[in-house]
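Colleague: Quick mapping for you: the protein sequence lines, in order, are chains A, B, C, D, E and F. The numbering used here puts the first residue of the first sequence at 9, with every later residue one more than the last. The numbering used here puts the first residue of the second sequence at 9, with every later residue one more than the last. The numbering used here puts the first residue of the third sequence at 9, with every later residue one more than the last. The numbering used here puts the first residue of the fourth sequence at 9, with every later residue one more than the last. The numbering used here puts the first residue of the fifth sequence at 9, with every later residue one more than the last. The numbering used here puts the first residue of the sixth sequence at 9, with every later residue one more than the last.
No lab work stands behind these hints, which were simulated from the structure alone. Here the structure is a predicted model, which is why all the values come from computation and not from measurement. It is possible that part of the hints are untrue.
[Claimed, not checked] A short, non-exhaustive set of chain B residues, derived as facing chain D with CB atoms under 10 Å:
hint, residue
1, Gln-39
2, Ala-124
3, Pro-128
4, Ala-129
5, Met-135
6, Ser-148
7, Glu-150
Where a beta carbon is used, it is the ideal one built from N, C-alpha and C, also for glycine.
There are 6 protein chains.
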Amino acid sequence: MHILVINPNTTVGMTEKIEAAANRAAASGTQITAVTSASGPVSIEGYYDEALSVPGLLKVIRDRADFDAVVIACFDDTGLDAARCVTDKPVIGIGEAAYSMAGMLANKFSVVTTLARSVPALEHNLMKYGLDRRCARVRSSEVAVLDLEDDSSGAYEKIAAEIARAIADDKAEAIVLGCAGMTDLASKLSQQFDRPVLDGVACAVSLAEAMARLQLKTSRHGGYAPPPQHKLEVQS
Amino acid sequence: MHILVINPNTTVGMTEKIEAAANRAAASGTQITAVTSASGPVSIEGYYDEALSVPGLLKVIRDRADFDAVVIACFDDTGLDAARCVTDKPVIGIGEAAYSMAGMLANKFSVVTTLARSVPALEHNLMKYGLDRRCARVRSSEVAVLDLEDDSSGAYEKIAAEIARAIADDKAEAIVLGCAGMTDLASKLSQQFDRPVLDGVACAVSLAEAMARLQLKTSRHGGYAPPPQHKLEVQS
Amino acid sequence: MHILVINPNTTVGMTEKIEAAANRAAASGTQITAVTSASGPVSIEGYYDEALSVPGLLKVIRDRADFDAVVIACFDDTGLDAARCVTDKPVIGIGEAAYSMAGMLANKFSVVTTLARSVPALEHNLMKYGLDRRCARVRSSEVAVLDLEDDSSGAYEKIAAEIARAIADDKAEAIVLGCAGMTDLASKLSQQFDRPVLDGVACAVSLAEAMARLQLKTSRHGGYAPPPQHKLEVQS
Amino acid sequence: MHILVINPNTTVGMTEKIEAAANRAAASGTQITAVTSASGPVSIEGYYDEALSVPGLLKVIRDRADFDAVVIACFDDTGLDAARCVTDKPVIGIGEAAYSMAGMLANKFSVVTTLARSVPALEHNLMKYGLDRRCARVRSSEVAVLDLEDDSSGAYEKIAAEIARAIADDKAEAIVLGCAGMTDLASKLSQQFDRPVLDGVACAVSLAEAMARLQLKTSRHGGYAPPPQHKLEVQS
Amino acid sequence: MHILVINPNTTVGMTEKIEAAANRAAASGTQITAVTSASGPVSIEGYYDEALSVPGLLKVIRDRADFDAVVIACFDDTGLDAARCVTDKPVIGIGEAAYSMAGMLANKFSVVTTLARSVPALEHNLMKYGLDRRCARVRSSEVAVLDLEDDSSGAYEKIAAEIARAIADDKAEAIVLGCAGMTDLASKLSQQFDRPVLDGVACAVSLAEAMARLQLKTSRHGGYAPPPQHKLEVQS
Amino acid sequence: MHILVINPNTTVGMTEKIEAAANRAAASGTQITAVTSASGPVSIEGYYDEALSVPGLLKVIRDRADFDAVVIACFDDTGLDAARCVTDKPVIGIGEAAYSMAGMLANKFSVVTTLARSVPALEHNLMKYGLDRRCARVRSSEVAVLDLEDDSSGAYEKIAAEIARAIADDKAEAIVLGCAGMTDLASKLSQQFDRPVLDGVACAVSLAEAMARLQLKTSRHGGYAPPPQHKLEVQS
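This is chain A alone, in the form it adopts within the complex (with noise of 0.2 Å):
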């Protein structure tokens, strides 16, 4: 079992994080490979990053075809859509990932995530999914991407802090950490809340080993219908 596990940022150091985290959470036996975009933003915060990012993500997808399965590791599932044009594997978004699973955990559960500017992008996702009937509501703590890689940062802190104010005000029975980078603090804070605290990359991974075991492949009909060669050979 081979899972592609991508980041769609720059930041070299947030994909090493990412690779730990899912290896932590594959079976034993799954190879994870950790890809960097090659181009786009050095982190993703909102609509602009992750428009920039897509076409770098995909080309690691159309360049490579020894996966099982592929994980986007943004918590804005970026490009996901798109992804599964390019590919008849399972390709599993982070986002998506938490969100399914802690509607399975719980009845209501919030999201933090870092910036406000990030937030109606996640809101649009839920809606999307349809677990904006489960989602209580999406939080920022305001960190920055980048920060949550700076141990000086209060990071740990300031989202424990939202943390509490989602058990509080929304009734949060479970909680999705809404940033790939805040993978290394999920389990810490699920201890401290005593709830679960769920991180997308571990999610992510786990779901698409699951469903490369099962051999599932995405639909070629319809909205997900391959390209013609002569698309597919396009770079943006």
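With chain A fixed as given, assemble chains B, C, D, E and F onto it according to the hints.
Modeller: Same frame as chain A, but now just chains B, C, D, E and F:
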């Protein structure tokens, strides 16, 4: 890893078919224990059967402690919310597992279930999970659950005919089979129709393994809070 | 006219309170028969209790034929869909009755129920009935069901405080009391807060009379089709 | 008990038919006063007619004080919100009453109304009440309102044909008749199609009695707050 | 280009303010005719006023033929559907125009209107237009419509305070002013709060010009089909 | 007034057709600059093409400052949210413009687009804008985008046939043409079918003029907040 798979009806032959499907889906090293409920109807077709099968199902969970996750192997996700109150291990319904995975492989799917009387309960679940947004239509094949156990019933042909209609009329990009008893038909139907045809038993077992490996737990706060001990001892 | 009012928990004192409320609500000439379920939990607070109380409730309906309509006197509308499969007489839940009437008296209402653990099941029902569009919020007063039977529990004050918050914060134009055990408080609270405060027992009895007088019947097609005889004879 | 039933169009023959239906539905001891609006169109088919009929309807309510509840006997629930501002007695529309009761007898119902031009207003009401979730489809029989007063118009046959389509295509478990002028057809159609066929006049009268007996009042806060006296004196 | 702008209440001073705003918004070469309704309430605050103002508004449209588009200058979009039945020219409500444009400038907006009694009608419109998905909250400033005509009423400050709350609590990225009488405040508030503050009169006039220039027509089929001539001649 | 109209695909002939349509729609005095994207696919049919066209589209906007509003002339509203992050001028998608105007001319419209693969992205946009409530159905004519540039392709007839089905089956009161390449067909189709047939290019240009004249700006807070300078300089 030990997954408890509960058939909430009392037909042992159906449990055996479910067990075989669960073992096919499971990772090596996973132990599947398939249990037939000790009380309840011989098949679950609609609200009444569903209601009568829940106490027996809950008793199976309460009586055992040696599992890492539970799968409820009836497509209407019988007693799912109640079951989540009696264990902190993940509890996955085969309906919700199949819908969730279908929504990650296709923009739009249709469900093909057994009898018309079963349709409203499934529609209701889809609304609750938010996946009515991705489900084009829930269709009945007018094959009774126990006819699925009878090779001469023409069940395969009736189900295939309904799938053909779902593709033509609903533009379904994927199909979800709406009964645990259809678990052995998924692979052949998937090939025949050249698109994902999902069986909930396989989806749920694999998802349960994934969530158990991640050590995710059902929330103990809010709607799934454990009942007080004196209530757990009551039998209906 | 004969209305069968079923208390699906096993607390006789609560049945008596419900019976008194039903008699106050009924038209002259209506006979109320209030029945305590023979099996199940002492109170219904959340999904688990709800599930265990359904078989006893269904047995009450199956064992009697001499009624014109049935009222299920638990605010989470326990077993409502299943009950509609076993009789062609109207079956009304006290939750749905109160929500429906509140939606005809006010643009927006809030619900004040007992414990936080009961909230998700009510939210789920509201979504199913479509009345989440009219319900501003489901609030818990943190008064346990059986504390409502105890005059020294301070229940009235806690409920009144929660209503005050619903008016201030939710702009609730009406209030629905979210437990059969609150039936005797509605009139006083309605006066105190100068707006409709609805008790589901009264609403449901009156609605059941209305539907019975019109000789309306539960549909025998689709989701409420009667189960075959051999299934009706099964006990869970 | 005194129920004021208002026909908001100016066709006296239709008021007489409505009055007869109301009397058939009413409990013994209930006095029905059926009033024809003094101004407005001869029939209400769509938004324009609806708008012009409201001032006359409001005048009927303002001019009378001797009632316990009001029924608005036009299926598009003409002026319902405005009417609730001018009295604290319950005001029930025949559309909302029929939809609500249908939703308690069936998982899914279809509406059969008069002309295509009337359909959007009904769909809009269903969305507002949340009952679009239970309504499979609003269908027009292309029978004009006043043709319902003409025995030779073939109205019954056209309506029956549309009901047959609703059962076959929409899987409707119950039917709601979408015009006050169809009130005399419900019983025969219900027998013919062996499932509930609801007439809004009967439903609303019976529901109004129920709410009046419970002494429920329209909320005086928020959207239904009474207008100041100087505004009540204005005539359009 | 000739735009007919109708103030559906009878306060001439308000028409004058609306006319000035319409002229500021209009392209050069556009003629604005602002008309005060000849009948109806002095201000429109909620359902009752709205209902009484519609016949006068429809009469203005029926009596004139020399326009290219109509603007209904009351924020609850009084009589909008009915008005579309009596002309094939575009008819635009100031509420729908402002909501639509706000949804193109911001992910999420809040509405600040006059009195609490007006809120439900606006919420209802938002749901009908689908823009409840983009509207965070409808807030009342508790400034009566006619107080907006009185410079000493402190209206500006109250509205500004409510906008500040919408930004802090709702995370509103834009604000819609919920009354035609606030038309002269938009520009100053927009500067004060550094984000779009939309006035419906300007939005609707500009949108009406746009649609008229494109020679778009209201559909004559379905819900906006013109009533038969004998009905157009009826006055309420 | 200067409107920048961007064709996000690289087919110059299509830009020319769009430019002509934009000029027909524009007010006198409006300058239209139509720009072909320098990179991306030759046509946009579905998610993959859409993703690859966004960076080129964003570059056009970043490279120019001399416009009052932007129109994105691809019916799937390619990169709309990202584009709003890079300018404070209004940015209008031709899809959203056409849907919004259709919703003001008709209760219900259907969309007729090119290929089945494009349908899900449009359905997704409609849900995001809330206009799925007004859209009866998104239909594909199975005319590829570039076949619209070929007079011998029979495109008109195929589109007309699909419109006929939309009217018969969906009861569509108006039609939205779902591709920028259909811009020259709207007028003839509108006459043929005697109801509004909307072209998004015209709608968006006119709406962009309207919003620019009102000096409305895209919000700089929340989801459309401008990215930091160092990110704006990144090219994908």
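Colleague: Does each hint hold? Answer for all of them.
Modeller: Results of checking the hints against the structure:
no.: 1; hint: Gln-39; verdict: violated, 40 Å
no.: 2; hint: Ala-124; verdict: holds, 7 Å
no.: 3; hint: Pro-128; verdict: holds, 4 Å
no.: 4; hint: Ala-129; verdict: holds, 9 Å
no.: 5; hint: Met-135; verdict: holds, 7 Å
no.: 6; hint: Ser-148; verdict: holds, 9 Å
no.: 7; hint: Glu-150; verdict: violated, 12 Å
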